[in-house]
Structure formats: C-alpha cells, structure tokens
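For the protein sequence lines, the chains are U and F, in the order given. Each residue of the first sequence is one higher than the one before, starting from 2 at the first, in the numbering used here. Each residue of the second sequence is one higher than the one before, starting from 27 at the first, in the numbering used here.
One or more of the hints may lead you astray.
[Stated by the list, open to error] Straight-line distance between alpha carbons at most 16 Å, and here's what the computed EDC-like set of lysine to aspartate or glutamate pairs gives:
#1 F:Lys125 - U:Asp137
#2 F:Lys52 - F:Asp132
#3 F:Lys283 - U:Glu127
#4 F:Lys52 - U:Glu30
#5 F:Lys41 - U:Asp170
#6 F:Lys283 - U:Asp125
#7 U:Lys223 - F:Glu275
#8 F:Lys283 - U:Asp122
#9 F:Lys283 - U:Asp137
Simulated from the structure, these hints should not be mistaken for laboratory data. No experiment lies behind these values; they were computed from the predicted model shown.
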Amino acid sequence: MSFHAFSGTDTYLASPELRDSVNVASALEKPLLVRGEPGTGKTVLAEAIAENLVMPLLTWNIKSTSKAQEGLYVYDTVQRLNDARFGDKDITDISQYIKYGPLGQSFLTDQRVVLLIDEIDKADMEFPNDLLHELDRMSFFVHETGKQHSAQFRPIVVITSNNEKELPDAFLRRCVFHYIAFPDKAEMEDIIRVHHPDVEAELLRQVLLRFYWLRDLPELRKKPSTSELIDWIAALRRGGVSTESIESELPFLGVLMKRENDLEAVMAAHRRGRVN
Amino acid sequence: MFVDFFYHLRGYGLKVTITEWLSLMKALAIGHSRADLHVFYNLARCLMVKREADFDNYDRAFASFFMGVENHFDISDELLEWLSKPELPRELTDEERAKLEALDLDELRERFKELLDEQKERHDGGNRWIGTGGMSPFGHGGEHPTGVRIGGAGGGRSAVQVATDRRFRNLRSDRILDTRQIGLALRRLRKLDKDEGPEELDIDETIDSSARNAGEIDLVFRPPKRNRIKLLLLIDVGGSMDPHTLLCERLFSAAHKANHFKKFEFKFFHNCVYENLYTDISRWKGEPTSRILKRLDHTWSVCLVGDAWMSPYELTHTGGAIDYYHTNQVTGLDWLRKFRDRCPNSIWLNPEPRRIWNAPTIHLIRQVFPMFELTIDGLTEGIDVLRGIRPNRALAA
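Produce the complete structure using the sequences and hints provided.
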C-alpha cells in the first residue's frame, strides 16, 4: 500500500490532529472543510499540503457572485458568435469555446492535485448544495459537447469557511471537518516574534495576559484576532507605553476592539477587577 | 460496541448519519485508527461532527462512553468483530443500503487483517505506519523528521481525560434560528415582475435570431426580471426585548444581506410605534413616522418585530409612551393602524412563544396585524402571507 501522508512543512506546523484529518480526507477522497477564526492559517494549509505532497495547487477564490457552474466550465457563446460573424476560424468544434474553471480543471489533470475552494461561505447560500453532485462523483457533464468528464485522479479538496453563513447539512455530511483552534499563549508568542522579533519580554508577557483575558470575556461579540493583537503591540511600542500602564489603563484599546459595545464591555470588566 | 457508540452520540444530540458512520468504519479498516484512542477520538470527530459548536457535546459523549473501559477497549478487535458481523444501527434506507454495498465489507476485512498481520511482523521497526518505533511519521517515539508522539500527546493523558477537559465549551451555541435559516426563509419572499431599467442581452434569443438571420448577428434585448417586494422592517429594541437581541440581530443581518428586494428599509422603535422611528439602535437619530408613512404605499410590506408586551395604556392612551419625557398625541395603537391602512400587506413577528401570548396588548395588536412566532415555521407562514399565498387576516375584534 503506497500511502502519501501529509506531515506539515518547515514553515507550516500542523498539529497531529490536523495531519490526521488531512490524511483521512485524502484517503477517503472526501473534501476537507476547514473552519476557524481569521488568521489561524486555513488558506495556507492547502499550500502546505501541495508543497508537502508535491502536487500542483489550484485555487478557486469564492466571491459573493460566484456560481457553482463557473467552477466547472463556462461556454463562451459570445466569442463563438463573434468568430462566426467574422468567419476566419472554424467554429464547428464547440469544445474550443468551453473554458474550464478550477474545479473542472482539477478533474481533468493527469495527476493528483490539491484544489482549494477558499471562503465558500462568501457565496450565495445555495452554492454549496450546487456542488454536492460534482464533489461526490468527481465528474461533470458538458451539455454543449455532450461529454462526460470523470476525474482520473480525484483531487484533494480543501474548503475553507469563516462561518459567515451556516453551511447546509447535506453539504456538511459529505465533508471531513476540521476546526483550527485559536493559537494558545505559547503558539501566539512564536507568531508575534515573527512580526516583532525584538519585542521586550515583559511587554510581551503583559500584552498576552491582557489579550487572552479579553478574549475570555463572555460579553464580547467580536473577539480580537491575531492581526489586531500584532497591531496593538505595534501601537504600544510606538507610543512608548510603559508595561505598568498596560495593566492599569489598557491603552490604544481601539486597535483591538472595533465595536462600541465591545469597548464598553471591556472597560466595565476592567473596572470590575484588575487582571493579574 | 461500535454501534452502541453511534447510538450514544445521537443520544447526546449529535445528528450522526449512517453514511458518516460507514465512512468511519472504512477509515478505520484502511488503517487510520492506529489502535490508539487519541487518534480514534479525532478520527470519529472529523468524520461525524461537522460544527465546532457540537464539539463540546462530542467531548461529553466520548468521555462518558469510554470512561472506565478505555484500557480494555481494543479498536482493532472491535473493528474486526464488526467487519465480520456488521451490525447496523437501524433499518436502512435504500440510499444507505447502496452506500453499504459500495463499501464491500469483505474486501475491507481482508485489507484490515493484512494490515494487522503486517503490524505484528514488523512491530517496532518497519516503515509502515502502524508499528511503534519505526520510521513512519506516526506512532510512538518514531524518528520521522517531523513526526509526533501521538499516544503521549497531551503530557501522557488519556483521550478520555482530554475529552473531559471540554476545551470547546465556549464554542457551544444553543441557538434557535441562525442567519442561514432566516436567509432561506426570506429568500422565498419574492414576486418576480418585469422591471423597467436598462435592458439585458438575451443570449438564447440572440443565438436563435442570428441563426434565423443566416448568421448575421441580431442582438435581442429584454427587460430584466426583478423582485418587486419592498420591505420595511420595524424592530422593537430595548427593555423586554433585550433577551431577544441576538435573534433580532440575526433577522436584521439576514434581511440586510438579502439583496433580492426591490427596496429595503429598516427602523427601530421602543415598545410601540409613536411619532418618531429611529435609524439606530440607541434611538438617537429619528425620523418622523408621518414622513415615513408618506413614502409608503400599498406596494410596500411592513414587518414589525416585537414582543407586543406592554402596559395597555402605552398602546391605547395618548401620552402613554413608556419614556417619561415623551408625550404622544396619537396613541400607539392608532399609529399601528395607520401602518396597516397604508400597507395592508403587513405582518407582526413575535419572538415570544405563542403559548404566552396572553397579554391584553398582544390581543389588541393581533386585531391589527396577523401575528407569527419568530421561529422557522412562524417566519415561513408570515412570508407566505406577504407573498399573498396565505390569507392575510388579523384577529376579529
């Protein structure tokens, strides 16, 4: 049994659980749905899998206007009409006007590829349902040419979602699901050191303490994310804030919290009790 | 034993399906369990639990199922037993039976036995991926460059102990209606009509016409079809509506995102509609209700959201408004009637369950607007009224 196992890369440290999820999805030939807060490395995962398993990566970035059909193919009627009108081309071969989308391409290649369907929740809410059949069978039919295309090598499909919309049950049932948890303090330290290599140890300690205290407040609607934390540290350092006042005043809080309600909630909680 | 686990998960409210269950059996049989409860924990979760909000329930189910038996539970034995005598949770539908047949259990069993034999032969030193101490990326104490120690992960704590940590407690959401469900219900709110405005190229008609025209291109345009629903959403905020804030926010954000209405407006009020309606939740920026009413006509639908729960005089008396400094000249009930007269195609959604709709003010308001619960069924019924496919009737006085 030959078995290509995903094990992470030098720059992408995958947890054992994440590796297992990727490998199960790959072995069972089911799409891997990855969810998690922004900045937890959902999109980069597909790149890491492609790099690790030495496969090409195809990306389909979903927008609010994306249609499932576009992922498979588009029949360029206007081009054909134009060619017919100016008559310098053979237009009887319809297949030259079929333009394959990322999903279609991933079924047609002569080797196994990684297909990233990025931010599926951005699209219309029926969108995932429209993909069910193609993802199940890994094949599709081109009506214009009357041809059925089946994947010779079923791609490893990675789908990311930010949870902006709930996904339909029928779609979820067909996926392998992995939730990337928010980084804990130790992991966060590593991340911060990438962005602020020369940050003072005491400042970092204080900041992380407040940051995780904030994230634990139950009344917050939107928890601050990694990128906001990095901005906050930049603001604190540039503002020359002393480590003591981080504790007593929570300066530049607006960098972390963008909602008025959340700001008020944090200030109220801060007044109730200083964190240690 | 395995089947019991399936039942156990469902008993904890996890909607595991047979198809997902069979995927797990297949994954185990082709060797993904690695006879390790930690790995089984993650494997079963990624194949059967598809929302992080359910992770906590899964943890509780897992811990209570394996508590005490974890040291005797041999996944390989259990699986082999199941594969030899596949017992299934319940009657299968045709589709599920087809899935089961496609699985080919005999072949799976053979593969799994081979895998086990291989494991025994090459124990402690193969490069396959089950044994311990080999060069595979998995298993205990391996030497693969990026390998991890799996069984020992979590500082030597067992899978059950890890599950009892309930790390995903904060992700729970015991929600009634989510934005997607509301969005789906709102989507039904459409009446298609030919619209004025810039015409669109009709590709099909153009091709037909050009063909009839002996290949000379003949472009055909048609007026676009548009939804002609115009919706005004009026939401009660503050006071007794506070417990329903999240639900109303979801309704609001779903309606806001639904871009299929011809026109969409929203306003807020507190307790009852009086001479001003507000564009912000804190009710600072207002607009006179009479001016809003002037903009409206019978082509608009108004959807009011509130618990309709107040003191009777707040509804029926002039000067009865809940805010002390506010003396209204026209009673709240009269304002509501004005809306109903102006836009007959209107409904009231109440976040409180129907069984406690016994306040006098609720009764009065139901004589003005048909009232529905703010649940999936209530919302769907209400929308059918707005679409005109269900009679639009208020309570008889």
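Here is how each hint holds up against the structure:
A C-alpha spacing of about 12 Å is found between Lys125 (chain F) and Asp137 (chain U), which places the hinted pair at or below 16 Å, so the restraint holds. Among the hinted pairs, Lys52 (chain F) with Asp132 (chain F) is consistent with the structure: their alpha-carbon atoms are about 12 Å apart, no more than 16 Å. Of the pairs offered as hints, the one joining Lys283 (chain F) and Glu127 (chain U) holds, with about 14 Å between alpha carbons and a cut-off of 16 Å not exceeded. Among the hinted pairs, Lys52 (chain F) with Glu30 (chain U) is consistent with the structure: their alpha-carbon atoms are about 12 Å apart, no more than 16 Å.
Only pairs whose Cα atoms come within 16 Å are accepted, and Lys41 (chain F) paired with Asp170 (chain U) is accepted, the gap being roughly 10 Å. Of the pairs offered as hints, the one joining Lys283 (chain F) and Asp125 (chain U) holds, with about 10 Å between alpha carbons and a cut-off of 16 Å not exceeded. At most 16 Å may separate the alpha-carbon atoms for a hinted pair to count; Lys223 (chain U) and Glu275 (chain F) meet this at roughly 14 Å. Our distance criterion of 16 Å between C-alpha atoms is met by Lys283 (chain F) and Asp122 (chain U), whose separation comes to about 13 Å.
For the proposed pair Lys283 (chain F) and Asp137 (chain U), the alpha carbon gap of about 30 Å is over 16 Å, so the pair is violated.
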